[in-house]
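Okay, here's what each chain looks like letter by letter:
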Amino acid sequence: MRRAFVAALTTLAETDDRILLLTADLGFSVLESFAEKFPDRFFNVGVAEQNMVGLATGFAEAGYIPFLYSIATFLTLRPYEQFRNGAIYHRLPVRLVGIGGGFEYGHDGITHFALEDFGIMRVQPGVTVLAPADPAQAVTMLRKTYQLHAPIYYRIGKDDNTIVPGLNGQFSLGTVDLVREGHDLLILSVGNVSSEAVAAADILSGEMHTSTAVGVVATLNPAPVDALESLLHRFSQVVTLESHYRNGGLGSLVAEVIADGGIPCRLKRLGVDTMPAGRTGSETFMNTTHGLTRQAIVQTVLQMMR
Amino acid sequence: MEAYQIREIILQQSKRANVGHIGSALSIADIIAVLYQDILRNTKPDDAERDRLILSKGHAALALYAALFLKGWISEKELNTFCQDGSLLGVHPESVLPGIDFSTGSLGLGLSIGAGAALAARLQDSLRRVFVVMSDGECNEGSVWETAMFASQHCLANLVAIIDFNGQQAFGYTKDILSQHAVVERWQAFGWDVHEVDGHNTRQMVDVLQNLDWKKGLPHLIIAHTIFGKGVSYMENRIKWHYFPMSDEEYTQALREVRKLEGKV
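Here the protein sequences come in this chain order: A and B.
Its first residue numbered 1, the first sequence is counted upward by one per residue in my numbering.
Its first residue numbered 307, the second sequence is counted upward by one per residue in my numbering.
The following block holds chain A by itself, in its conformation from the complex:
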């Protein structure tokens, strides 16, 4: 979805000259079109994320909307304090565009896996945390949010092809998009693994005779409390799915909403349990190892229903 996102950003930049694009030396084969079209508004700042996020504070205070591009882990962890004490503290419209959620960088290993970005970003009041589930949703999301007068963290997938059936490019801030209807069980998912959630729901609703709804959550902060509450009240069992550590992300968010609202609903959180150090493999291998596939979801649900 990164190509669709950057293409949409390039289009927006044609009519909005507040948009700047900064990269910490990444984006080969993705950012060239923007750089060629707007050479005065594109900066490769070098392999220096802290400086990049600091610069953005100065740019945004002067009226610009800087988009900062890098691999999600590098962009969220190294310059976290610059983001907190800069754009967040000063309430400035800086956009972090973190590429690659969960295991998308497969063979590159743990240094490249974004597994705690939702957690560390959503604890900061005032940051809008967004994660589209497919390219079409990424484009709608960008168009609808880029002018928000607040900092935004976008987790943007590398995958340009996978489509989430039923999503049809919908996005509204703070809503949950129900892409499959059902009445026995609800699966809530975020980001690029949402297509697996839909596939699992189709297996469950079909051969397993368990009518399963799927909600795609693309806004993690501010927490979409109303949208989640009204959905959760309809189900006694819910499963969350995310390519993120089990703690801190969507599963934790849903647990908070259930606890705060006193909602009678059993929750099972699917995510990454342990630090995946050592053996690496393709994204599919890693997702399979950590139970983020349609088969794993189906197994979990069958155990819950037993």
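Just so you know, these hints were derived from the structure itself, not from any lab.
The hints are all genuine.
Pair ranges (Cβ atoms, derived):
hint, chain 1, residue 1, chain 2, residue 2, range
1, B, Glu491, A, Gly278, 43 to 53 Å
2, B, Leu484, A, Thr111, 24 to 34 Å
3, A, Leu77, B, Glu555, 46 to 56 Å
Note that the Cβ used here is the ideal one computed from N, Cα and C, for glycine as well.
Here the structure of chain A is known, so what remains is to put chain B in place on it, guided by the hints.
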């Protein structure tokens, strides 16, 4: 606005509030006086075209509050809330207070913000300039050097960093912790236009700052050789005065000493 007035306010307020960081604030009193009296083009705190000032060594904010008071941007009543419960005037500066361009307090963050502000001014064809006041200990932070490379790469001639080079940091002397030896050559090697001044000689500082080329060339670095705690004999170059408040006797002596500086350059 004279530096001795800033020093007087630093002493009065830190005594009233019974807080430390006195030596750090006294160290930059002359730098702040020069900037506010002779250099900064800032007629209103909310003028978009004003020069920007970032006090990256935010723990010396009391010197800045004194300047804002002397400039008439904050009232005496407001100044007297320094370090009281619910005050906008805390130990470190908050940008919600008119006259504070950016909140600071964590070392190593200010220069990158300044570089962004300077590059933004250039993109907007604005003549506004950006001043970043840093500490020498702050240059321990790697992030400073990321920005040092960036600012010279982009020839940010409208950016000036002033290092309050007092040789002292929170838990010791700079030379014993991470020495800043060959500081001129270091910054020159990173591509900066470097000047050394006596950070307590206001005339010399005005002269250097007024003659910088703000339109083209390299970013500017002013190494201001200062004395930590300058103006109060028993505080000078003593780590203790990074932390401690003054006793009544110490306060009386300190005030007497800084008042003697009236009219001196």
